[in-house]
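**Student:** These are the residues of each chain, in order.
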Amino acid sequence: MRKKVCIALAQILCQQGNKKENIETIRKNVTKAKAEGAQLVIFPELSLTGYVVRDQIFELAERIPGPATRIIEKLAREHQLHIVFGMPEVSEKAQAVLFNSAVLVGPKGLIGKYHKMYLPTHSVFEEKRYFRPGYQVAVFETTFGKIGLIICYDIYFPEVSRLTRLKGAQLIACISASPGPRRSFFETLTVARAIENNAFLAYVNMAGIQDGLQFWGGSRLVGPAGGIIAQAKYDEQDLVIAQIDPSDARAAEAFIPALRDLRPELFDKLKEDAENL
Amino acid sequence: MLPEKETVNFRDMNDARLVAHKFELKTKEIDITDTLATFYSSIHGFDPAERLSRGNIKARTRMIYVYYYANRLGKLVCGSSDKSETMMGYFTKWGDVAADIYPIMDLYKTQVRRLAAHMGIPSKIVSKPPTPGLWTGQLAEHELGMNYEQLDLILCGLEHFMNPREIAVQLNISIKTVNRIKHRWLSAEHKRQMLLTAKLEYRTIGSDFRLPRSIG
Numbered sequence: 001m002r003k004k005v006c007i008a009l010a011q012i013l014c015q016q017g018n019k020k021e022n023i024e025t026i027r028k029n030v031t032k033a034k035a036e037g038a039q040l041v042i043f044p045e046l047s048l049t050g051y052v053v054r055d056q057i058f059e060l061a062e063r064i065p066g067p068a069t070r071i072i073e074k075l076a077r078e079h080q081l082h083i084v085f086g087m088p089e090v091s092e093k094a095q096a097v098l099f100n101s102a103v104l105v106g107p108k109g110l111i112g113k114y115h116k117m118y119l120p121t122h123s124v125f126e127e128k129r130y131f132r133p134g135y136q137v138a139v140f141e142t143t144f145g146k147i148g149l150i151i152c153y154d155i156y157f158p159e160v161s162r163l164t165r166l167k168g169a170q171l172i173a174c175i176s177a178s179p180g181p182r183r184s185f186f187e188t189l190t191v192a193r194a195i196e197n198n199a200f201l202a203y204v205n206m207a208g209i210q211d212g213l214q215f216w217g218g219s220r221l222v223g224p225a226g227g228i229i230a231q232a233k234y235d236e237q238d239l240v241i242a243q244i245d246p247s248d249a250r251a252a253e254a255f256i257p258a259l260r261d262l263r264p265e266l267f268d269k270l271k272e273d274a275e276n277l
Numbered sequence: 278m279l280p281e282k283e284t285v286n287f288r289d290m291n292d293a294r295l296v297a298h299k300f301e302l303k304t305k306e307i308d309i310t311d312t313l314a315t316f317y318s319s320i321h322g323f324d325p326a327e328r329l330s331r332g333n334i335k336a337r338t339r340m341i342y343v344y345y346y347a348n349r350l351g352k353l354v355c356g357s358s359d360k361s362e363t364m365m366g367y368f369t370k371w372g373d374v375a376a377d378i379y380p381i382m383d384l385y386k387t388q389v390r391r392l393a394a395h396m397g398i399p400s401k402i403v404s405k406p407p408t409p410g411l412w413t414g415q416l417a418e419h420e421l422g423m424n425y426e427q428l429d430l431i432l433c434g435l436e437h438f439m440n441p442r443e444i445a446v447q448l449n450i451s452i453k454t455v456n457r458i459k460h461r462w463l464s465a466e467h468k469r470q471m472l473l474t475a476k477l478e479y480r481t482i483g484s485d486f487r488l489p490r491s492i493g
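Chains A and B, in that order, are what the protein sequence lines are. Quick note on numbering: our numbering labels position 84 of the first sequence as 84, and the sequence is numbered without any gaps. If you want our numbering, it's the 1-based position in the second sequence plus 277.
To be clear, the hints were calculated from the coordinates, so they are not data collected in a lab. Please note: incorrect hints may appear among the correct ones.
Simulated DEER-style distance windows between Cβ atoms [unchecked claim]:
| # | chain 1 | residue 1 | chain 2 | residue 2 | range |
| --- | --- | --- | --- | --- | --- |
| 1 | B | F287 | A | R27 | 40 to 48 Å |
| 2 | B | H419 | A | G226 | 49 to 57 Å |
| 3 | B | L463 | A | D211 | 20 to 28 Å |
| 4 | B | S484 | A | F125 | 14 to 22 Å |
| 5 | B | Q470 | A | S91 | 27 to 35 Å |
| 6 | B | I452 | A | L270 | 48 to 56 Å |
| 7 | B | E301 | A | G227 | 25 to 33 Å |
| 8 | A | R250 | B | F300 | 50 to 58 Å |
Which chain A residues stay away from chain B? Per the calculated CB distances, all over 10 Å, these [as the list claims (entries may be wrong)]:
| # | residue |
| --- | --- |
| 9 | C14 |
| 10 | N22 |
| 11 | A35 |
| 12 | V53 |
| 13 | H79 |
| 14 | A96 |
| 15 | L110 |
| 16 | E126 |
| 17 | R129 |
| 18 | K146 |
| 19 | P158 |
| 20 | F255 |
| 21 | I256 |
Calculated from the model, a selection of chain A residues having no Cβ within reach of chain B, i.e. all distances over 12 Å [stated by the list, open to error]:
| # | residue |
| --- | --- |
| 22 | K28 |
| 23 | S91 |
| 24 | K113 |
| 25 | M117 |
| 26 | Q136 |
| 27 | T142 |
| 28 | P181 |
| 29 | D245 |
Just so you know, even glycine gets a beta-carbon here, dropped at the ideal spot from N, CA and C.
Please build the complete structure, drawing on both the sequences and the hints.
**Tutor:** Okay, structure coming up:
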């Protein structure tokens, strides 16, 4: 990542179970973001289908690549930019094994995908009922640097962001569908993950209400020293476009040398103790 | 507004009018005394002294009127149940609790009072002792055996997975009292979950289908 990068946080309202409508919303936001110079447009978790689709997910999930990713790829090609969005994915090898996926496409087509590792199954969340967790972090090379993808609840587990950073991600894109009562946690964790990894972090949440669950929006772009570079509105749809300056990362790394001071020997201890909780 | 001879209270009627006026809500007034009398007289062996079954007829009759207007006007019925009474099972199944949306069901009574005061509802209404209005002199706090200030703290503790002993110590009350509330909360779950269906087939209504309420 050398030159400044223009990033759009597309905090959209999703129609539950209506892929056609949601793709249309994605298209409109991409067009608008492009007009303002965006090179990367990020959409929320499960933005293709909406978050609350419950059993409908089996008929909504698609392969990657598949019909939906092909439409988004075309969109990225037309506008010559990168897009990150979320969708339920059905395994290539089975018919009802699903993943909660983040997809990265660029001007040349599909770049990669990430399977959410931590599936919340508590409170109003029932993701383990539907999804198989991922086993790999995801970092992809793009024309403007390395991007790591994480999804929502992954952010509570610093290992996921840490691994993407150790694999070279300079920008961590966290796509999310987070309901209101959890706002303060995410506002703290987004800043923490950026600081402890000396990385830029783009957090994009959903807005709107699905089955009484209100997504709080508040998408944000956080700098490598924890500063809030841009912030979207709470609760409503919004499209926020801002630039990140990679040279900020050098200053942050020197000021808070969190990566220089990493202690790998502690990770073995972590593993041991976590196995015996 | 659905007054009936036995429980009508002109102060309540005026309070309701005042709130409706403040928030620019349309009101309609229908006296349901005759309807209730017809119900009672049509039931063979009706026992007027058994006031709970009789009172529940009132709550369900009110529901019928409200849903008539909802159908007729293409609107949703807005429930007024709060978290305290719902957790206690202090409502009539298919009666006062019958609604399409529940904007304040996640707030305890004491929180609803604070919200009401914040929204400018006169304190004489906010501080009124709650009653389901099923018979004369019926008071919620009397029937629940404690005031809402204390009840809400117990329920809030239970909501946050505190064990009854911790709650009792923190509130300086007996563990027996906490357990009584806990038992009442848990034993009323059948009133809050609808459609208990025998599981016979692949995906079962109530226990198995998990469908979104809205389709895009």
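**Student:** Going through the numbered hints above, which ones does this structure break? Give me the numbers in ascending order.
**Tutor:** Those not satisfied are hints 1, 6, 7, 9, 10, 12, 16, 17 and 28.
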